[in-house]
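Participant: Using the sequences plus the hints, can you model the full thing?
There are 4 protein chains.
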Amino acid sequence: MAGDSLGKLFKITNWGESHGPAIGAVIEGCPAGLELSEADIQPALDRRKPGQSKIVTQRKEADQVQILSGVIDGKTTGTAISLMIQNQDQKSKDYSNLKELFRPSHGDYTYHAKYGIRDVAGGGRTSARVTATSVAAGAIASKLLEQNYGMKITAWVETVGELVANIEPTSVTRDQVEANILRCPDADKAQEMIDHIAAIRKQGDSIGGIIGCCIQPVPTGLGEPIFDKLEADLAKAMMSINASKGFEIGSGFAGTTMRGSVHNDPFVMEQGDVKTTTNYSGGVQAGISNGMPINFKVAFKPVATILQKQQTVTTSGENTEYQARGRHDPCVLPRAVPIVEAMAALVLCDHMLRYRAYQS
Amino acid sequence: MAGDSLGKLFKITNWGESHGPAIGAVIEGCPAGLELSEADIQPALDRRKPGQSKIVTQRKEADQVQILSGVIDGKTTGTAISLMIQNQDQKSKDYSNLKELFRPSHGDYTYHAKYGIRDVAGGGRTSARVTATSVAAGAIASKLLEQNYGMKITAWVETVGELVANIEPTSVTRDQVEANILRCPDADKAQEMIDHIAAIRKQGDSIGGIIGCCIQPVPTGLGEPIFDKLEADLAKAMMSINASKGFEIGSGFAGTTMRGSVHNDPFVMEQGDVKTTTNYSGGVQAGISNGMPINFKVAFKPVATILQKQQTVTTSGENTEYQARGRHDPCVLPRAVPIVEAMAALVLCDHMLRYRAYQS
Amino acid sequence: MAGDSLGKLFKITNWGESHGPAIGAVIEGCPAGLELSEADIQPALDRRKPGQSKIVTQRKEADQVQILSGVIDGKTTGTAISLMIQNQDQKSKDYSNLKELFRPSHGDYTYHAKYGIRDVAGGGRTSARVTATSVAAGAIASKLLEQNYGMKITAWVETVGELVANIEPTSVTRDQVEANILRCPDADKAQEMIDHIAAIRKQGDSIGGIIGCCIQPVPTGLGEPIFDKLEADLAKAMMSINASKGFEIGSGFAGTTMRGSVHNDPFVMEQGDVKTTTNYSGGVQAGISNGMPINFKVAFKPVATILQKQQTVTTSGENTEYQARGRHDPCVLPRAVPIVEAMAALVLCDHMLRYRAYQS
Amino acid sequence: MAGDSLGKLFKITNWGESHGPAIGAVIEGCPAGLELSEADIQPALDRRKPGQSKIVTQRKEADQVQILSGVIDGKTTGTAISLMIQNQDQKSKDYSNLKELFRPSHGDYTYHAKYGIRDVAGGGRTSARVTATSVAAGAIASKLLEQNYGMKITAWVETVGELVANIEPTSVTRDQVEANILRCPDADKAQEMIDHIAAIRKQGDSIGGIIGCCIQPVPTGLGEPIFDKLEADLAKAMMSINASKGFEIGSGFAGTTMRGSVHNDPFVMEQGDVKTTTNYSGGVQAGISNGMPINFKVAFKPVATILQKQQTVTTSGENTEYQARGRHDPCVLPRAVPIVEAMAALVLCDHMLRYRAYQS
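Residue numbers (our numbering), protein chains in the order written: chain G, 64 to 423; chain Y, 64 to 423; chain C, 64 to 423; chain H, 64 to 423.
If you're looking for bench data, these hints aren't it; they were derived computationally from the structure.
A portion of the hints provided could be inaccurate.
What the hints assert, rightly or not - Capping the alpha-carbon separation at 30 Å, the derived lysine-lysine pairs in DSBU-like fashion look like this: (1) G/Lys162 to H/Lys206; (2) G/Lys338 to Y/Lys162; (3) H/Lys138 to C/Lys372; (4) C/Lys338 to H/Lys372; (5) C/Lys338 to C/Lys206; (6) Y/Lys215 to Y/Lys117; (7) H/Lys252 to H/Lys138; (8) G/Lys338 to Y/Lys138; (9) G/Lys123 to G/Lys252.
Said to hold, decoys possible - From chain G, some residues computed to sit far from chain H (all C-beta separations above 10 Å): (10) Leu72; (11) Ser100; (12) Thr139; (13) Thr142; (14) Arg181; (15) Ala191; (16) Leu226; (17) Arg322.
All C-beta atoms in this analysis are idealised placements derived from N, C-alpha and C, irrespective of residue type, glycine included.
Facilitator: Here is the structure:
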């Protein structure tokens, strides 16, 4: 049923398949009067698009966004914004070899089991390609957040496999992130990681990693009891990204080994504002932002498409082997950075509007 | 705004504060004809209630559930079920010392900042006490899932601080979990953990830990593209539990260090069914259950209430110190086990009904 | 499935049956800081309760509301408000004669067909009694609207059967409405209507009628394209009231016979504000309030319970006859007036909050 | 905020403006495996399109629908279906004269007041043109309903101004409706109505009227307590159509003059099925379909665009006069017939799926 929408006040509805005519999103709830053109959105898409560097898939797709509604004379009208990205790679390839089998750890089997019908071209609706529409929508949300609160959302590559960057979340800048093709702000470690990915690619294999994200400044008061806690909605948004397997905020899993006497964030007055001296809470307490930076991490598994022979079964229930050919992403991380930012922006923007409904 | 509801077809709406007259939940979408009485719900509440062992708070509260609607002659009518739990500990204590300050890492400050008004008695709406209503609702969801699919949801304590139990998720039984007061199925490690908690309690401190959960058998096909992926809805539900800081499914964060060639779950035919030989996916692929056991973990931070002096600020912006007194939970885990199970049941039940709408 | 909730920002969730232990409602989204006690709600309930005059059912039920959550020290906390009304008339009567047959034009047959199970006592969930919880919730919404905008919602009896009162919607006051037991502000016609109802009651029969409602002053800007138009949400709310069969706004059905040159409401400046010289639009244009009074009408059919012999069928499919005994409402109108007001308040309040989310 | 979506399981999200690049709709929740192509949708659009006869606007617009997602190899995939209709008449005209004033009884003023910005070209988002996307979505819903239940939804013109056709709702066929350009199945009266409209058109004026609709056969059990009653959802859908001012089901407003002893629909067994001998209920009792035909009426006001001089105000608050020029619809009815059918299909289809979730 209806699971293609996210958000209550700032709401995105997503449509499209990898190799259909186009993919797109409808955004409801964007306030009127925001200056907006394709130029505000395209840069985020360019950061996600394939073919941008040697460590991502070499598939070429321009991912050019069109605004089809909701904007007039360069400003939003307050009504539904429709975004569309035409697919260029449409039906260009022969997918008949995929029709008869289920690729391991893709959605082939679950879609087949659920719907009894499957769009094999590029994975259809299961393709990570559809995240492009979230990135486009997120760019609008980001602009709103920055304009209203000066809020900046910055994500980066934190680990690749077992390689861990040395990063202080609150100090990461977009420039540092964009300084290398991996989007890891630890320049030294970044090179090591890039080499690691290149080596894995040569083996026709893939590798996972972790993306970190920090949002600041954040106004206090965003998030709602009991189920729409800010971290709950962030978790849902992040876990809806293809290939994500985990989410943690603030101290996260590491915080489970701490004592309360250490983990509790002491309050302190700072220039008239209530701040905390530590931020193990990750900027959210009891589901509501406390004004400290929000920081969280998202775990991504290794990409399922690899160029090695794998065991699987056919749609008619025979054991068989499968080996993918052609272009693939050895590591999802560099292209996932803008996706994480976009999803965070969508969640924050929704809660910003929900918050505003109660301010007089 | 409205954030107290969870689910689309099987939907819970939660109300109540720690020390008001009562707490409760309304459940919409429970099918008609399910045999149901308070006796089906009370056991789950008893597993969550305070005072049940020496390693949880010694506060006494019976947590007796009443069914106020939706059941007649021992069967559900198909209409809204109203559950209520009266608060016995209501207003029994003097909370005036809390009125003027914000307890560190509680919701005191964020509620104050958001609403400008705060229910200080026992934390009001931020109290973990309100999870009792989710546990009650979850008991109904569990009964439905077990009756329709034979589905069993089993959670357990996986780690306490740095102590890690040795557990094979798919083999854990409820009996093993209930064999000790910690609810850790690794009996040897459980004793060590219990002693650890007891020592920390003596110090007036608290400790975090991880809860694991396994759901089996699970039918294929539960979960929806794009945002209502099964793991996304599970993540949201888990991250809405008080004190949770992280969620991972299948390989989770550890999976980020794996190669695709290892992480991909090979398909294989088993007695006519499609199965996978490994389950790094955690039972969900492309957001939809694949028929393998679903397993996930939830990270809980150390309880915020500790009996040690802490730095904080007053509501009028002065630095001050605060020390809690009286009864507290040194570790949330044993009581969180039934909460995790209940939230999982609510999510699975919602998706089961969503799935059924499309089966002919 | 979940159909017991109404509203997106100001949201009511309704539960309970006629003869169960209690009925109630959960209200999400009420802003913090509103002064609220049972005394703000009870007067509206008293206007709806049975036994208040000779032209309504003589059943006695106090309909005493309790606030179970969301209010502390006489003010709303911003979190979910739980309202409960205990049923006094619970299971007092023998309903066994109803078990085996379907009363004509009640919900007996449709509930039986849909759920396979039926709460025969007083109609269970289908009883108009459950509207009491909407009235209670509406009282809170009304207070908010009056406090924020000075908005007043006034409903009245416009027709009883073929008797039509002479009423100018914008000039009706609550005092005029309450001046007689029928709640018809045309005092002369009211007496005739009352006599008419009394005569019909003696025949053991019932009669329908129309309720009018006017809301003023209304700020411009409430309502949303495309589906959540203000009149669409009002229509849904009114058509969800038991026994309502029609809704019209502004010129309504009569407007279909008018020419555009007459029906169009000319704009004119009035003390610096944009007003219209006529108001055939009923205060809403293109789904959004235009600042003029909102006026609409709701048609109510004659009450289904009559004390005459009627043809029907048994649950096992035999033709039979049925005659109700005891107390009944010969005309739903006097008690429906506060229900119409309450439903209008719920809709307006929801849209007021939705509107506020976009004001800076 | 988000008001562009309708439905819970079968859900439409609507976007686009009259003179932007395109309009469209996203449909979530359409079951997989339905045979679907543009050819299933286009006929409904052709019935709504402008220029189809002498009594509607002479504007030419092909309204050609494209399916952009959710269909593969001629069958629905179960995932979101995106429909788009390109606007041909885009920005072809000079609207600068409209920029400075508010046309009476259009949405000009309310959109200006709400959003502070307005798309003057063809009314932008307020244009009845956006109903084309609902018609397209409704065609898919209709196909599903007919395929699953043999359900047929037939609407027709019942009155034009004061001219009333003689119609027995349950016997109206689509062929009768399509037999004349007005879509009135009473052939004699139709000609009189057509002449009436032609005369009014010559005067540069417009006229309203009533559309009737009948749905049959309908399975029992569709509709939900308390707020999502079937007639409540129908009322909302109908009142969201541009220019609609009233809705009634079954006996409707006329039923208010009836006695209960006449209005109650006696149950009777008919070939083993429970039927009623009359159908004043209009096929719905207590919010749930009872298996009898559903019939309702929708009132449409005269079209606001007339070619006569009217009083109004400028955006800067000066009184002025306005006279529209060019093409206009003198009567919305013939083109509204397929819109009413489409909205009914969307509501029924949503409730059909909601119903199915509970059938075993």
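Participant: With reference to the structure, classify each hint as holding or not holding.
Facilitator: Results of checking the hints against the structure:
no.: 1; hint: G/Lys162 to H/Lys206; verdict: holds (28 Å)
no.: 2; hint: G/Lys338 to Y/Lys162; verdict: holds (19 Å)
no.: 3; hint: H/Lys138 to C/Lys372; verdict: violated (54 Å)
no.: 4; hint: C/Lys338 to H/Lys372; verdict: holds (18 Å)
no.: 5; hint: C/Lys338 to C/Lys206; verdict: holds (26 Å)
no.: 6; hint: Y/Lys215 to Y/Lys117; verdict: holds (28 Å)
no.: 7; hint: H/Lys252 to H/Lys138; verdict: violated (42 Å)
no.: 8; hint: G/Lys338 to Y/Lys138; verdict: violated (52 Å)
no.: 9; hint: G/Lys123 to G/Lys252; verdict: holds (28 Å)
no.: 10; hint: Leu72; verdict: violated (5 Å)
no.: 11; hint: Ser100; verdict: holds (14 Å)
no.: 12; hint: Thr139; verdict: violated (8 Å)
no.: 13; hint: Thr142; verdict: violated (4 Å)
no.: 14; hint: Arg181; verdict: violated (8 Å)
no.: 15; hint: Ala191; verdict: holds (15 Å)
no.: 16; hint: Leu226; verdict: holds (37 Å)
no.: 17; hint: Arg322; verdict: holds (44 Å)
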